[in-house]
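Novice: What follows is the residue order along each chain.
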Amino acid sequence: MPAVQLEGLARRYGEREALGGVSLSLQAGQSLVVFGPNGAGKSTLLRVLATLLRPHAGSVRVLGKPLPEEAWAVRGRVGLLAHEPLLYRDLTACENLRFHARLHGVALERVERLLELVRLERRCREPLRTLSRGMVQRVAVARAVLHEPELLLLDEPRANLDPAASELVDPLIGAAAQRTRVITSHDPARGLAEADMVLGLRAGRPALLRAAGDVSVAEIAQLYR
Amino acid sequence: MRRTVAALLRKELLIELRSWQSVPGMSLFALTTFVVFHFALNRSSVDGDLAAGILWVTLLFAAILGVNRLFVADAEEGGFDGFLLAPVDRGALLLAKALALLLYLVLLELVAVPAFALLLLGPTLAGTLPSLVGVLALGDLGVAVIGTLVAALAVRTRARDLLGPLLALPLFVPIVIAGARASSPLLAPRGGDPAARWLATLGLYDLLFGLIAYALFDFLLED
Numbered sequence: 093m094p095a096v097q098l099e100g101l102a103r104r105y106g107e108r109e110a111l112g113g114v115s116l117s118l119q120a121g122q123s124l125v126v127f128g129p130n131g132a133g134k135s136t137l138l139r140v141l142a143t144l145l146r147p148h149a150g151s152v153r154v155l156g157k158p159l160p161e162e163a164w165a166v167r168g169r170v171g172l173l174a175h176e177p178l179l180y181r182d183l184t185a186c187e188n189l190r191f192h193a194r195l196h197g198v199a200l201e202r203v204e205r206l207l208e209l210v211r212l213e214r215r216c217r218e219p220l221r222t223l224s225r226g227m228v229q230r231v232a233v234a235r236a237v238l239h240e241p242e243l244l245l246l247d248e249p250r251a252n253l254d255p256a257a258s259e260l261v262d263p264l265i266g267a268a269a270q271r272t273r274v275i276t277s278h279d280p281a282r283g284l285a286e287a288d289m290v291l292g293l294r295a296g297r298p299a300l301l302r303a304a305g306d307v308s309v310a311e312i313a314q315l316y317r
Numbered sequence: 496m497r498r499t500v501a502a503l504l505r506k507e508l509l510i511e512l513r514s515w516q517s518v519p520g521m522s523l524f525a526l527t528t529f530v531v532f533h534f535a536l537n538r539s540s541v542d543g544d545l546a547a548g549i550l551w552v553t554l555l556f557a558a559i560l561g562v563n564r565l566f567v568a569d570a571e572e573g574g575f576d577g578f579l580l581a582p583v584d585r586g587a588l589l590l591a592k593a594l595a596l597l598l599y600l601v602l603l604e605l606v607a608v609p610a611f612a613l614l615l616l617g618p619t620l621a622g623t624l625p626s627l628v629g630v631l632a633l634g635d636l637g638v639a640v641i642g643t644l645v646a647a648l649a650v651r652t653r654a655r656d657l658l659g660p661l662l663a664l665p666l667f668v669p670i671v672i673a674g675a676r677a678s679s680p681l682l683a684p685r686g687g688d689p690a691a692r693w694l695a696t697l698g699l700y701d702l703l704f705g706l707i708a709y710a711l712f713d714f715l716l717e718d
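Order-wise, the sequence lines are chains A and B.
For the first sequence, the numbering used here assigns the number 93 to the initial residue and increments by one for each residue that follows.
For the second sequence, the numbering used here assigns the number 496 to the initial residue and increments by one for each residue that follows.
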């Protein structure tokens, strides 16, 4: 059973079509990397898969469940790392993660473990607004994987991370995490290295959909011209 | 559900404790309004209908400030999405937000009612305070439920600062009328009992909007 199956997915914002005609099938354990210039519909695709946006046309199945009909059965099984960290600036990293742990019914010990993994255990009692963007991104990574989701939806996950921090979060959201992943990226070399399948979007429409091994960096660069 | 409500309420109160964005503003607004009434009416004391009207109108306008701030952190910092991704009953958010607003209103009244008694009220509250607390509690319930519903609706629009009060005020009018009529005898020179008819009206209005809010809230959170 595919982890993600899309048939003619379309999503509009008012009159403007943000996504249209997207069809693909992603098997469990595989990684789909989505490329495309700003406004191509990458984040919209992730938000539809996360059940935060309803599809306006086509069929969407995530983890075997049709959306939006059975969105309730998908929530809690996906982890979304969005552009916004989905964390409260006035709360500390500990408080934010504990809050999400309580919502997801996760043991609080996992919060401590994750804070150690992203090396923020010493800064975890400071309000988030006092941390750097890279540190906040590390907390956001911890939040996204807190409930051990089956499907990871990662919107430019390494934005704001320096190389060391990027390596730090690799066991959580990289290939080593051994989860089904849908990742948006602007980095063709890194993206291709992570992908089993590549989707290129241009103005909301699929311009490229192939196995990663059959795609060159030059073809991805073409999407941005 | 209870665990989710507790987690949401705890988060809500922590944010208020850190930022102090709602309760101090609401309290300061109420105090300033009493001072303005004091000078505008050119009277050293008021009682009965006038006193009840001033008290309820001031409390409701102060409540609007809290209503407007209720979902701001969630909307601006992505808390809505974080909550929507969790496998929990969405009614828990309504309950937690309404409880938080209810607590803010109680804290507001702990400041505003003694200030009102000192600055404007002629008759003493000594004998009628328990009854007044009861009437205020019934009004607070309605304000908390309606305020939460309206705030959830307004916060996702660009004109939320305008839309919140515009939607809330007409819905608060029955609470002002019933609350003022019920508490008017309590603020009269000889004191008295709250009017049962108006207490029942307040209670029914609370119940009606409690049901409406529970039925609608899920749809307000949907895309």
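Be aware that one or more of the hints could be misleading.
[Said to hold, decoys possible] No more than 25 angstroms apart at the CA atoms, straight line, and that leaves these computed lysine to any residue pairs for SDA-like:
no. : chain 1 : residue 1 : chain 2 : residue 2
1   : A       : Lys157    : A       : Gly112
2   : A       : Lys157    : B       : Phe714
3   : A       : Lys157    : A       : Val228
4   : A       : Lys157    : B       : Gly686
5   : A       : Lys157    : B       : Thr528
6   : A       : Lys157    : B       : Phe524
7   : A       : Lys157    : A       : Ser115
8   : A       : Lys157    : B       : Arg585
9   : A       : Lys157    : B       : Ser540
10  : A       : Lys157    : A       : Pro298
11  : A       : Lys157    : A       : Glu107
12  : A       : Lys157    : A       : Ala120
13  : A       : Lys157    : A       : Glu208
14  : A       : Lys157    : B       : Leu616
15  : A       : Lys157    : A       : Arg205
16  : A       : Lys157    : A       : Asp288
17  : A       : Lys157    : A       : Arg297
18  : A       : Lys157    : A       : Leu145
19  : A       : Lys157    : A       : Gly113
20  : A       : Lys157    : B       : Pro582
21  : A       : Lys157    : B       : Ala581
22  : A       : Lys157    : B       : Ala683
23  : A       : Lys157    : A       : Gln314
24  : A       : Lys157    : A       : Gly226
25  : A       : Lys157    : A       : Glu242
26  : A       : Lys157    : B       : Leu579
27  : A       : Lys157    : A       : Glu204
28  : A       : Lys157    : B       : Met496
29  : A       : Lys157    : B       : Ile559
30  : A       : Lys157    : A       : Gly168
31  : A       : Lys157    : B       : Leu715
32  : A       : Lys157    : B       : Ile707
[Unchecked claim] Restraint-style ranges between C-beta atoms, simulated for each label pair:
no. : chain 1 : residue 1 : chain 2 : residue 2 : range
33  : A       : Ser117    : B       : Leu703    : 33 to 39 angstroms
34  : B       : Leu711    : A       : Gly197    : 52 to 58 angstroms
35  : A       : Arg108    : B       : Gly629    : 31 to 37 angstroms
36  : A       : Ala268    : B       : Val628    : 42 to 48 angstroms
37  : B       : Ala710    : A       : Pro160    : 15 to 21 angstroms
38  : B       : Leu614    : A       : Ser224    : 45 to 51 angstroms
39  : B       : Ala691    : A       : Arg104    : 53 to 59 angstroms
40  : A       : Gly197    : B       : Leu613    : 36 to 42 angstroms
Everything labelled a hint here was simulated from the structure, so no lab data went into it.
Since we're looking at a predicted model, the values are computed, not measured.
Where is the CB? At the ideal position from N, CA and C, for every residue including glycine.
Novice: If a hint holds in the structure, say so; if it doesn't, say that too.
Specialist: Results of checking the hints against the structure:
Between the alpha carbons of lysine 157 of chain A and glycine 112 of chain A the distance comes to roughly 21 angstroms, so the proposed pair stays at or under 25 angstroms and holds. At most 25 angstroms may separate the alpha-carbon atoms for a hinted pair to count; lysine 157 of chain A and phenylalanine 714 of chain B meet this at roughly 21 angstroms. For the given pair, lysine 157 of chain A sits about 32 angstroms from valine 228 of chain A by alpha-carbon distance, which is inconsistent with the 25 angstroms threshold. For the suggested pair lysine 157 of chain A and glycine 686 of chain B, the alpha carbons sit about 64 angstroms apart, so the restraint of at most 25 angstroms is broken.
Our distance criterion of 25 angstroms between C-alpha atoms is broken by lysine 157 of chain A and threonine 528 of chain B, whose separation comes to about 55 angstroms. With a C-alpha separation of about 50 angstroms, the suggested pair lysine 157 of chain A and phenylalanine 524 of chain B falls outside the 25 angstroms cut-off, and the hint is violated. For the hint pairing lysine 157 of chain A with serine 115 of chain A, the CA-to-CA distance comes to about 16 angstroms; that is within 25 angstroms, so the pair holds. For the hint linking lysine 157 of chain A to arginine 585 of chain B, the alpha-carbon distance of about 20 angstroms falls within 25 angstroms, and the restraint holds.
Distance restraint check for lysine 157 of chain A and serine 540 of chain B: the Cα-Cα separation of roughly 66 angstroms exceeds the 25 angstroms cut-off, and the hinted pair is therefore not satisfied. Restraint check for lysine 157 of chain A and proline 298 of chain A: satisfied, since their Cα atoms lie roughly 23 angstroms apart, inside the 25 angstroms limit. Distance hint between lysine 157 of chain A and glutamate 107 of chain A is unfulfilled; the C-alpha atoms sit about 28 angstroms from each other, more than 25 angstroms. This hinted pair checks out: lysine 157 of chain A and alanine 120 of chain A have alpha carbons roughly 14 angstroms apart, not beyond 25 angstroms.
Note on lysine 157 of chain A and glutamate 208 of chain A: the hinted pairing is violated, with a Cα-Cα distance of about 34 angstroms set against a maximum of 25 angstroms. Annotation: proposed proximity of lysine 157 of chain A to leucine 616 of chain B is violated, straight-line Cα distance about 62 angstroms (limit 25 angstroms). Distance check on the hinted pair: lysine 157 of chain A and arginine 205 of chain A sit about 31 angstroms apart at the alpha-carbon level, beyond 25 angstroms; violated. Restraint check for lysine 157 of chain A and aspartate 288 of chain A: satisfied, since their Cα atoms lie roughly 22 angstroms apart, inside the 25 angstroms limit.
Between lysine 157 of chain A and arginine 297 of chain A, the direct Cα distance comes to roughly 24 angstroms. Compliance with the 25 angstroms bound is thereby established for this hinted pair. The suggested pairing of lysine 157 of chain A with leucine 145 of chain A holds, with an alpha-carbon distance near 15 angstroms, which does not exceed 25 angstroms. In summary, the hint linking lysine 157 of chain A to glycine 113 of chain A is supported, as the alpha carbons are separated by about 20 angstroms, within the 25 angstroms threshold. This hinted pair checks out: lysine 157 of chain A and proline 582 of chain B have alpha carbons roughly 15 angstroms apart, not beyond 25 angstroms.
The suggested pairing of lysine 157 of chain A with alanine 581 of chain B holds, with an alpha-carbon distance near 16 angstroms, which does not exceed 25 angstroms. Restraint check: the Cα-Cα separation between lysine 157 of chain A and alanine 683 of chain B comes to about 64 angstroms, which exceeds 25 angstroms; the hinted pair is violated. The hinted pair formed by lysine 157 of chain A and glutamine 314 of chain A fails the criterion: a straight-line CA distance of about 35 angstroms is larger than 25 angstroms. This hinted pair does not check out: lysine 157 of chain A and glycine 226 of chain A have alpha carbons roughly 34 angstroms apart, beyond 25 angstroms.
With a C-alpha separation of about 13 angstroms, the suggested pair lysine 157 of chain A and glutamate 242 of chain A falls inside the 25 angstroms cut-off, and the hint holds. Of the supplied pair hints, the one linking lysine 157 of chain A and leucine 579 of chain B holds, its CA atoms being roughly 17 angstroms apart against a limit of 25 angstroms. For a cut-off of 25 angstroms, the pair hint linking lysine 157 of chain A to glutamate 204 of chain A is broken: about 32 angstroms separates their Cα positions. The suggested pairing of lysine 157 of chain A with methionine 496 of chain B holds, with an alpha-carbon distance near 24 angstroms, which does not exceed 25 angstroms.
Distance hint between lysine 157 of chain A and isoleucine 559 of chain B is unfulfilled; the C-alpha atoms sit about 42 angstroms from each other, more than 25 angstroms. For the suggested pair lysine 157 of chain A and glycine 168 of chain A, the alpha carbons sit about 13 angstroms apart, so the restraint of at most 25 angstroms is met. Among the hinted pairs, lysine 157 of chain A with leucine 715 of chain B is consistent with the structure: their alpha-carbon atoms are about 23 angstroms apart, no more than 25 angstroms. Simply put, lysine 157 of chain A and isoleucine 707 of chain B have alpha-carbon atoms about 30 angstroms apart, too far for the 25 angstroms limit, and the pair is violated.
Checked against the hint of 33 to 39 angstroms, the C-beta distance between serine 117 of chain A and leucine 703 of chain B comes to roughly 49 angstroms, which is inconsistent with it. The hinted window of 52 to 58 angstroms between leucine 711 of chain B and glycine 197 of chain A is violated, with their beta carbons roughly 27 angstroms apart. Distance hint for arginine 108 of chain A and glycine 629 of chain B: a CB-CB separation of about 53 angstroms, inconsistent with the stated range 31 to 37 angstroms. One distance hint, 42 to 48 angstroms for the beta-carbon pair alanine 268 of chain A and valine 628 of chain B, is violated here, with the actual separation near 60 angstroms.
Taking the beta carbon of each, alanine 710 of chain B and proline 160 of chain A are about 19 angstroms apart, inside 15 to 21 angstroms as hinted. Our hint of 45 to 51 angstroms for leucine 614 of chain B and serine 224 of chain A holds, since their Cβ atoms are close to 48 angstroms apart. Between alanine 691 of chain B and arginine 104 of chain A the beta carbons are some 54 angstroms apart, a value that agrees with the proposed interval 53 to 59 angstroms. Separated by about 49 angstroms at the C-beta atoms, glycine 197 of chain A and leucine 613 of chain B break the suggested range of 36 to 42 angstroms.
Violated hints for the displayed structure, listed by number in ascending order: 3, 4, 5, 6, 9, 11, 13, 14, 15, 22, 23, 24, 27, 29, 32, 33, 34, 35, 36 and 40.
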